[in-house]
Amino acid sequence: MIGFSGAAMRLGARRVLPLVAGLAPFGLVVGLLAQGAGLSLTEAGLMSGLCYAGSAQLLALGHWAVPAPILAATLAALIVNLRLVLMGPVLAPWLDRVKGWRLMASLFMMADQNWALSVEAMRRGEGDAGFLFGSGLLTWFVWVGTTLAGHLLGGVIAPAPNHPIFFAALAVFIALLVPMWRGRMDGLPRVVAAIASIVTSVVLPGTWYVVVGALAGSLAGLLQERLRPPAPPAALVVE
Amino acid sequence: MNGSTLLAIAGMSLATFACRYGGYWLFSHIRPTPALRTVLGYIPGALFVSYVAPALFAGGPMQWIGGAATVVLMLVVRDLSLAVLGGTAIAWVWWSYV
Numbered sequence: 001m002i003g004f005s006g007a008a009m010r011l012g013a014r015r016v017l018p019l020v021a022g023l024a025p026f027g028l029v030v031g032l033l034a035q036g037a038g039l040s041l042t043e044a045g046l047m048s049g050l051c052y053a054g055s056a057q058l059l060a061l062g063h064w065a066v067p068a069p070i071l072a073a074t075l076a077a078l079i080v081n082l083r084l085v086l087m088g089p090v091l092a093p094w095l096d097r098v099k100g101w102r103l104m105a106s107l108f109m110m111a112d113q114n115w116a117l118s119v120e121a122m123r124r125g126e127g128d129a130g131f132l133f134g135s136g137l138l139t140w141f142v143w144v145g146t147t148l149a150g151h152l153l154g155g156v157i158a159p160a161p162n163h164p165i166f167f168a169a170l171a172v173f174i175a176l177l178v179p180m181w182r183g184r185m186d187g188l189p190r191v192v193a194a195i196a197s198i199v200t201s202v203v204l205p206g207t208w209y210v211v212v213g214a215l216a217g218s219l220a221g222l223l224q225e226r227l228r229p230p231a232p233p234a235a236l237v238v239e
Numbered sequence: 240m241n242g243s244t245l246l247a248i249a250g251m252s253l254a255t256f257a258c259r260y261g262g263y264w265l266f267s268h269i270r271p272t273p274a275l276r277t278v279l280g281y282i283p284g285a286l287f288v289s290y291v292a293p294a295l296f297a298g299g300p301m302q303w304i305g306g307a308a309t310v311v312l313m314l315v316v317r318d319l320s321l322a323v324l325g326g327t328a329i330a331w332v333w334w335s336y337v
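Just so you know, the protein sequences line up as chains V and D, in that order. FYI, in my numbering the residues of the first sequence are 1 to 239. FYI, in my numbering the residues of the second sequence are 240 to 337.
FYI, nobody ran anything at the bench for these hints, they're computed from the structure. Positions of the beta carbon are idealized from the N, C-alpha and C atoms, including for glycine. Any given hint could be a false lead.
Unchecked claim - Cβ-Cβ distance ranges computed for the label pairs, FRET-style:
1. V:Leu71 with D:Ala274: 32 to 38 Å
2. V:Leu41 with D:Ala274: 45 to 51 Å
3. V:Ile195 with D:Asn241: 41 to 47 Å
4. V:Ala21 with D:Ser335: 19 to 25 Å
5. D:Gly261 with V:Leu17: 27 to 33 Å
6. V:Arg228 with D:Ser243: 54 to 60 Å
7. D:Val316 with V:Leu58: 26 to 32 Å
8. D:Pro271 with V:His163: 26 to 32 Å
9. D:Leu245 with V:Gly183: 38 to 44 Å
As the list claims (entries may be wrong) - Covered by chain D, per the in silico footprint, the following chain V stretches (three or more residues, Cβ under 8 Å):
10. 41-48
11. 91-99
12. 174-182
Unchecked claim - Facing chain D, according to a computed beta carbon distance under 7 Å, are these residues of chain V, among others:
13. Gly22
14. Ala65
15. Pro67
16. Ile70
17. Ala73
18. Ala77
19. Ala194
20. Ile198
21. Ser201
22. Gly217
23. Glu225
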């Protein structure tokens, strides 16, 4: 299948393997939280399998109640995942070449880690939408599996919130920033994104800071190119 | 199985998929201008900075030392798993002994 190759799926799965190891503690934490919030094993598995969005699940489970807060959980998922609205179009050069269930499945599997690897691969001219799907599928299995394991473990392991195991998630995002550096042109937008996200995180509740910072930083990038066109022309979304 | 729990899971799942699919759908139905393409090119870096910066700002020496170690390892070895494991290990050592 052109644009959705098995080779790209396998490449994606191989690349994401070290990252899913870092994801495992968070799947366990989501499972532990779900168990503590009173969700059954099936319900915890359903949430991780269908929603498949760690930060939204952590947020929702942190504010769970009986009966379940249907509207609040839905709205929280919407706000936390607004960043996915911005992430999908970046992979358009890949996604434009697939249709139907392959497109749906590729986008369903889009999560932060495998999206970042996909952007990197796409910019290097490797793979196709199969990379996004394959890397996401492996991530999905580990996510659901570790959620179930966390639920089963129940209260047996309960690392404190400041335990360094939780630093692994942050380290993944910090490390991903290094290969994403395209050159000096990325300096100012990243500084703007950092300041905007920190200020927003102090001023606004929830996770608005991710969306605000991403928009502020990328608009700063546009402004910088408008005011002082760099030479050679900046590499944009690479085809 | 609980009715309100299942509805909440369904709501969360639909909202999340709407975000995953909606952004791509929207941008494929409007012709992206050069300006829009420029903005999209800057989004990955800006997005991950926006994850990391508030966490480092709110964190303490463990996050700062672990973060610095992760960047240095990434620059030197260019391997994501080694950088993440090494950075986390150094944060853990700091947390245990300092």
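Structure-based check of all given hints:
Checked against the hint of 32 to 38 Å, the C-beta distance between leucine 71 of chain V and alanine 274 of chain D comes to roughly 36 Å, which is consistent with it. Between leucine 41 of chain V and alanine 274 of chain D the beta carbons are some 49 Å apart, a value that agrees with the proposed interval 45 to 51 Å. Distance hint for isoleucine 195 of chain V and asparagine 241 of chain D: a CB-CB separation of about 44 Å, consistent with the stated range 41 to 47 Å. For the pair alanine 21 of chain V and serine 335 of chain D, the beta carbons lie near 21 Å from each other, so the given range of 19 to 25 Å is met.
At roughly 30 Å, the beta-carbon separation of glycine 261 of chain D and leucine 17 of chain V lies within the given 27 to 33 Å, and the hint holds. About 55 Å separates the C-beta atoms of arginine 228 of chain V and serine 243 of chain D, a value consistent with the hinted range of 54 to 60 Å. Checked against the hint of 26 to 32 Å, the C-beta distance between valine 316 of chain D and leucine 58 of chain V comes to roughly 30 Å, which is consistent with it. Restraint check, proline 271 of chain D to histidine 163 of chain V: a C-beta distance of roughly 43 Å breaks the suggested window 26 to 32 Å.
A C-beta distance of roughly 49 Å is found between leucine 245 of chain D and glycine 183 of chain V, which places it outside the suggested range of 38 to 44 Å. Figure legend: the stretch 41-48 of chain V, annotated as covered by chain D; annotation consistent (4 residues with Cβ-Cβ distances under 8 Å, at least 3 required). Only residues whose C-beta sits within less than 8 Å of a C-beta in chain D count toward coverage, and the stretch 91-99 of chain V has 4 of them, enough to reach three; the restraint holds. Residue count for the stretch 174-182 of chain V with a Cβ under 8 Å from a Cβ of chain D: 9. That meets the three needed, and the coverage hint holds.
Look at glycine 22 of chain V: its Cβ gets to within about 5 Å of chain D, closer than 7 Å, so that hint holds up. Taking 7 Å as the C-beta contact cut-off toward chain D, the hint placing alanine 65 of chain V at the interface is violated, the least distance being around 9 Å. The interface hint given for proline 67 of chain V holds, since its Cβ lies 4 Å from the closest Cβ of chain D, which is under the 7 Å cut-off. The restraint placing isoleucine 70 of chain V at the interface with chain D holds, with a minimum CB-CB distance near 5 Å, inside the 7 Å limit.
Given hint, alanine 73 of chain V at the interface with chain D, holds; its Cβ is 4 Å from that chain's nearest Cβ, closer than 7 Å. Given the 7 Å rule on beta carbons, the hint for alanine 77 of chain V holds: about 4 Å separates it from the nearest Cβ of chain D. At about 4 Å, the closest approach between the beta carbon of alanine 194 of chain V and any beta carbon in chain D falls short of 7 Å, and the interface hint on this residue holds. Interface restraint check: isoleucine 198 of chain V against chain D, minimum CB-CB distance 5 Å, threshold 7 Å, status holds.
Proximity of serine 201 of chain V to chain D holds as hinted, the smallest CB-CB distance being about 4 Å (cut-off 7 Å). Hint status for glycine 217 of chain V: holds, given a least beta-carbon distance of 3 Å to chain D, under 7 Å. The restraint placing glutamate 225 of chain V at the interface with chain D holds, with a minimum CB-CB distance near 6 Å, inside the 7 Å limit.
Going through the hint list in order, the structure does not satisfy hints 8, 9 and 14.
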